[in-house]
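For this one, chain A is given, so just place chain B on it according to the hints.
Residue-level listing of the chains:
Number of protein chains: 2
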Amino acid sequence: MKKPHLFAPGPTPVPSDAVLAMARPIPHHRAPEFEALLAEVREGLKHLFQTTEEVLLFAATGTGGMEAAVANTLSPGNTALVIRGGKFGERWGEICQAYGITFTPIDVPYGKAVDPALVAAALEKDPKISVVFSTHSETSTGVLHDIHAIAQVVRKTPTLLVVDAITSLGVVDLAMDAWGVDVVVTGSQKALMLPPGLTLVGVSRKAWEVVERSRLPKYYFDFLAERKNLSKNQSHFTPAISLVLGLQETLRMIRSEGLQKVFLRHERLATAMRAGVTALGLELFAERPSPAVTAVKAPQGIDGTAIVKTLREKHGMTIAGGQGSLKGKIFRVATMGYADASDVIVALSALELTLSELGYPSKPGEGIRAAQEVLRHSEG
Amino acid sequence: MKKPHLFAPGPTPVPSDAVLAMARPIPHHRAPEFEALLAEVREGLKHLFQTTEEVLLFAATGTGGMEAAVANTLSPGNTALVIRGGKFGERWGEICQAYGITFTPIDVPYGKAVDPALVAAALEKDPKISVVFSTHSETSTGVLHDIHAIAQVVRKTPTLLVVDAITSLGVVDLAMDAWGVDVVVTGSQKALMLPPGLTLVGVSRKAWEVVERSRLPKYYFDFLAERKNLSKNQSHFTPAISLVLGLQETLRMIRSEGLQKVFLRHERLATAMRAGVTALGLELFAERPSPAVTAVKAPQGIDGTAIVKTLREKHGMTIAGGQGSLKGKIFRVATMGYADASDVIVALSALELTLSELGYPSKPGEGIRAAQEVLRHSEG
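So the protein lines, in turn, are chains A and B.
Under my numbering, the first residue of the first sequence is numbered 1, with each subsequent residue one higher.
Under my numbering, the first residue of the second sequence is numbered 1001, with each subsequent residue one higher.
Among the hints, erroneous ones may be present.
As the list claims (entries may be wrong) - With a straight-line Cα cutoff of 25 angstroms, these simulated DSS-like cross-link-like pairs (lysine-lysine) come out:
hint : chain 1 : residue 1 : chain 2 : residue 2
1    : B       : Lys1327   : B       : Lys1314
2    : A       : Lys363    : A       : Lys2
3    : A       : Lys329    : B       : Lys1363
4    : B       : Lys1087   : B       : Lys1297
5    : A       : Lys228    : B       : Lys1309
6    : A       : Lys232    : B       : Lys1309
Read the hints as simulated data drawn from the structure, not as lab findings.
Next up, chain A with everything else stripped away, as it sits in the complex (with noise of 0.2 angstroms):
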């Protein structure tokens, strides 16, 4: 026997309470059962989002719900500001691209975090600039932006904030109406606990005004439509329907958690995985690690994709390796949503073995034992 442990940046392992909402007959989306649940769904993604204004839900993974906010908040012709510093930053590039936007890059070196100043300093070189899109936790370095630094910046101009939050919503705090953020995109399969299917996407009331002036063609992706259908709790289009009733229930467990509390959850666990891997003799990739994943250089003469390779034949574990050019060289493990203290030791328990049996010398116990010495000096 080999139980499947996925510690994957998404997807992530669905609870077993999700699992079974989403197993009861389908109800029908415009029938009164779905409506109620669909208003319990909608404060639960205000209380999530920290925002008093309507999230939209769409039938999409996460790249759809970041198309979206291009295609609702940019008219031909405007101009946008692009973070990237990996895969995911430069996605919201490929994006503007493909709807003919213009944009400046800031280019973070990979590992990297943005400065904030850049930012200042580009909006003030060209306050034309609709939109600036940045990405809030980059999966494919580790490295957590400090967005709350960039709105304050941002929110004391014309220029939106547009933030892919796909693996920070729920993991780490990002106070959408108090910092000042205009749209905040996420997805089901991460600290959501759900599989892939469901993209989510919070609007500020700032950003309202920008999409109901915006031009650039849509159709699924109607962010005024779906705000529409949603105040009558119903959707424009046939939503994910079971998707919808796992939501309930694992919006359901983050209200009994405590919002708070589901963010310290997943700091004392990146600590504790920061701290085993480091013990080990490993380095971390990110300067300004992401609670949600932590990415790891492979050991010098070692493949980071034979780590991935064994971890997954040997020990029945999914991690992710390197994407495009940091393929073979960086490693990333998360726990991230269905995450508690035993998916680290148990994480950690698999890398040493793993590192060993790849001829690298390290004392297998001793990440584990930095892991755990985090574990005992703090709550959770």
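Relative to the frame of chain A, chain B by itself:
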């Protein structure tokens, strides 16, 4: 106890083998296990679409697939022909409009099927039309358009034929390659017996050549990127993993029953349903009825909305009312996907009781008797 019975034209009931498959622990979408599954699903979809070309999968509902078809087959300045005769035919026009594509409509009265000669005349008058958009089974009116005949007209020209087959694929014959249909769009929550959230798009060889040159903006719904990834049993973005697990099961069910037998079953059930409602003295709304959904005129003096409401509240049965201008005038009953003879009987019985409760002078049992006659004299 009141069992929930779902007789809406989507979503439709999900068989337990699919529910169980979707409840399995989520595999990672880049793991070999999922690649093997995707390889099987690709073959199953080709069989279902009756094509040798690739069928694409997107995490979205059917409307997303329709928008994808528009964005991938057209370029700015192109024109289209749109067959309208219900809410879903009209949707093609709305999507074209959202993308700035000028189109000529062929407006068919609600309840009627389009005359293929009108398509021939329109293409003769304007041979520059790039794409003909049609619905196969128009869910809002219960009409089945004659796609085979329309394809015979369009295939002789350089124009593409793009078909919304959301409630026809897997219900009624649609031989994509043999007939020469260029793009076929469907969704998971109809004959495919799954929850909503997956759209599937078949693309002909003739269409691929156009897709390669298409210049309307798209990113999430990029056919070329998706085909390239699928050829390696991957997906461009994270797929709706749980729905793909379910799809493997329902495609197996369809293969095991046999595609032609699946069509015969739907025809048999719909014939019995039509015989039943006609025997009750009710009138069918569709002149050329689709086996996916039976649209029935509400009898004189009885509001169609009251029929839907009574069926739901007193009999635990979900059917659909009329949409838009048909609200209150018709009701729609479907036995699509995971449905057999028992469903026709249950639906008719509840309908008989409901009509009687609403004061309609019919003898309960007469509809069922007529349906039984059909079922007795047909195979299945």
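These are the hints, each one checked on the structure:
1. Lys1327/B x Lys1314/B: This hinted pair holds, its Cα atoms lying about 21 angstroms apart.
2. Lys363/A x Lys2/A: Holds. Lys363/A to Lys2/A sits at ~24 angstroms (cutoff 25 angstroms).
3. Lys329/A x Lys1363/B: violated (76 angstroms)
4. Lys1087/B x Lys1297/B: holds (17 angstroms)
5. Lys228/A x Lys1309/B: Between Lys228/A and Lys1309/B the Cα gap is close to 24 angstroms, so the pair holds against 25 angstroms.
6. Lys232/A x Lys1309/B: Holds: Lys232/A and Lys1309/B sit about 18 angstroms apart, inside 25 angstroms.
The structure fails hint 3 only (numbered hints given earlier).
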